[in-house]
Amino acid sequence: MLRIEYVYGLIAAFLLFTAWRNLRERKLARAAFWLLLGLLLGGGDSVLAQQHAGRVWPAQLAGCMVIALALLSPLLRRRPHPETAGSSIRLASALRLGHKLFLPALLIPLLTLLVALFGAHLAIGGTALFAKPQMTLIGLGMACVAALFAAARVTRAPLHQGLAEGQRLLDAIGWAALLPMLLAALGEMFTQSGVGAAIAALAKALLPEGNAFMCLLLFAFGMLLFTVIMGNAFAAFPVMMAGIGLPLLVQRHGANPAILGSMGMLCGYCGTLLTPMAADFNLVPAALLELRNPYGVIRAQAWSAAGIFIANFVILWLLVFR
Amino acid sequence: MNYWPLLGVAVIIVGFALRLNAVPVVACAALVSGLLAGLPLPDVLALLGRSFVSSRMLLLFVLTLPAIGLLEHAGLREHAQQWMGRLRGLTLARLLIGYLLLREGLAMLGLTGVAGPAQTVRPLLAPMGEAAAEKMDPGLSDADRDALRAVAAATDNIGRFFGEDVFVALGAVLLIQSFYAQHGIDLTPLSIALWALPTAIAALVIQSVRIWLFQRRLVRHAGGD
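Which chain is which? The protein sequence lines are X and H, in order.
Going by the UniProt record's numbering, the residue at position 233 of the first sequence is 233; the numbering climbs one at a time, nothing skipped.
Going by the UniProt record's numbering, the residue at position 105 of the second sequence is 105; the numbering climbs one at a time, nothing skipped.
Note that these hints are calculated values from the structure, not bench results.
Do not rely on the hints blindly, as some may be mistaken.
Unchecked claim - Listed next, the in silico SDA-like pairs over lysine to any residue satisfying Cα-Cα at most 20 Å (straight line):
hint, chain 1, residue 1, chain 2, residue 2
1, X, K204, H, Y3
2, X, K204, H, V9
3, X, K132, H, L175
4, X, K132, X, I310
5, X, K132, H, S55
6, X, K204, H, S55
To be verified - Per label pair, the in silico range of CB-to-CB distance:
hint, chain 1, residue 1, chain 2, residue 2, range
7, X, L75, H, S141, 51 to 61 Å
8, X, L122, H, G223, 53 to 63 Å
9, X, S46, H, R86, 46 to 56 Å
10, X, L23, H, D186, 56 to 66 Å
11, X, L23, H, G105, 44 to 54 Å
12, X, F213, H, L109, 30 to 40 Å
13, H, L194, X, A302, 25 to 35 Å
The beta carbon of each residue, even a glycine, is placed where N, CA and C say it ideally should be.
Work the whole structure out from these sequences, hints included.
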C-alpha cells in the first residue's frame, strides 16, 4: 500500500540532494540548513512513533534541530533564482517544443485529480493501493514524480538536471519554505500554553452581554483577529465558540448553530488572507513568484478580505437570529 | 488566568513589524510562550519538535519543483506567454476570473490539492497573466508585474478558501460538527456546509470585481505613459 510516509521520504531525499549540491558549492550554511530539514522530514515517523512509545528524547532532539534551523536561517540570504539558460535559448526551446511543454505541467493537477476521484477503488490483491486519509496528497506526490519523468522526456534532458533545477528553485525560496511547519508548531505551542484561553478571557471582559448585535460583532472580529494571530481559523474557532459563540449567541440569544458555525469559520478565513502567520498561503507564494515584497500577496488580498468579511458579516447578521 | 504567555504574541507582532527574519522570530515566540506558561524547557523542546514533524505535509510543494524547474528551463513560461499573446479574446480579467471559477468549483468538490501556487500559479497562471497584461501595456513595469503575480496568487487563495467550506467532508465542516457534538448539539455536515454557499458566491463576485478593477488600472497605466 502506498502511504504518505513514502512521500515524506521522497521530500527528504530531495532536501538531502539539495544539501549535498550546496555543500559541493561550498555554501555551508545552506547545506547545513537543508541537511537538518531533510533529517527532520526523514526521521519524523520515528520521532512520532517513539513519542507514542513513551520516549521523548527523539522529540526533544527534533526540537533542538528546529532551534538550530531558526539560528541558521538569517545566514541564508535570499537570492533571485539565477537563470541557467539565457532568455534567447529558452525562447528557441519554447518555439521548438510548443504545447508539448504544457503536458508535464498539467500532469500534476490531472493525476492528482484522478487519484482523488478514483484512488479509493484501486486495489492490488485485496489491499487498497492508497492509504485512505491522505489519498490526495499521495496522489500529488506521485503526480510530481510522473511529471518529472514526463518533463525529462519532453525536453530530452537527463533526470538529474531536473533535480538540479529544482534545487535552484528551492534555494530561491530559502528559509520561507520552513515557515509553514514552524508556524504550525507555534500554533500548537500557543494552544498548549493557554494563549487561546487568555484571549477568550480578555474578549469576555470586553463584552456587552445584553446586546445580541454587539455580541455577534465581537464574535466575528474575534474570529478575524485571533486567526490573524494564530494563522489558522481552525485554532481560533473552538476558542471563540467556547468563549462567546455557544454560551452567549446560541444559548442566550438563540442563534442558529449551523449558520453561526459555518459563517463564523468564514470570518476566520478572511483573517487568514491578512496574516503573515499563514505562511503557506501568503509568504511561500510570494517567494515562489519571486516578488520583491514578501508581503505582496497579503497586500493584494487585503481589500478582498475586507469586502468578503463585510459581506459575510451582513449575511450572518441577517440570517442567524431568524 | 495566566496572561504571561500572551507575550509570545507580542514577540510575533514586534518581529514582523521590524521586518526581522521571520524564522527566528517565530521560534523565539514559541519558546517564550511555552516557558512563560510554566512548562519546563525539555517539555517545550519536545512539544516544538513533535508538532513540527507532525505537519510535514506542508512541505509537499517542494516535490513540484524539479519538474517545474526543468520545464521552465526549457521555456515553459515563454511558451505560455506566446500562446496567450495569440489568443485574442482572452483578456487578463477573463483569464483570472475563469481561473477563480475553476479553483472555487474544484475546492467545492473537495479537490484543494489539485491546484496551488507551486502546481499552477507559478508555471501557468502567472506567465499567462503577464502575457495578457503585456497585450494591454507592452511596457509593463516591474512593479506592475509584481502586483499582477500577487493578484494571481491572491485569486488562487480566495478561490480555494471560500470553496472548500462548502464541501462536506473537509476539515472545516467536520471541525464545526464535532465541536457542536461535544457540546450536545447534533448537526449534519450538509446543514453546516450549505450555509457557506452565500459567502462563497459573495467572495466570487468581490474578487471578480477586484480583478476587473486591477485590469482597468493597468490599462490606465498604459495610457498614461
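Hint by hint, which ones does this structure get wrong, listed from lowest number up?
Hints 4, 6 and 7 contradicted; others consistent.
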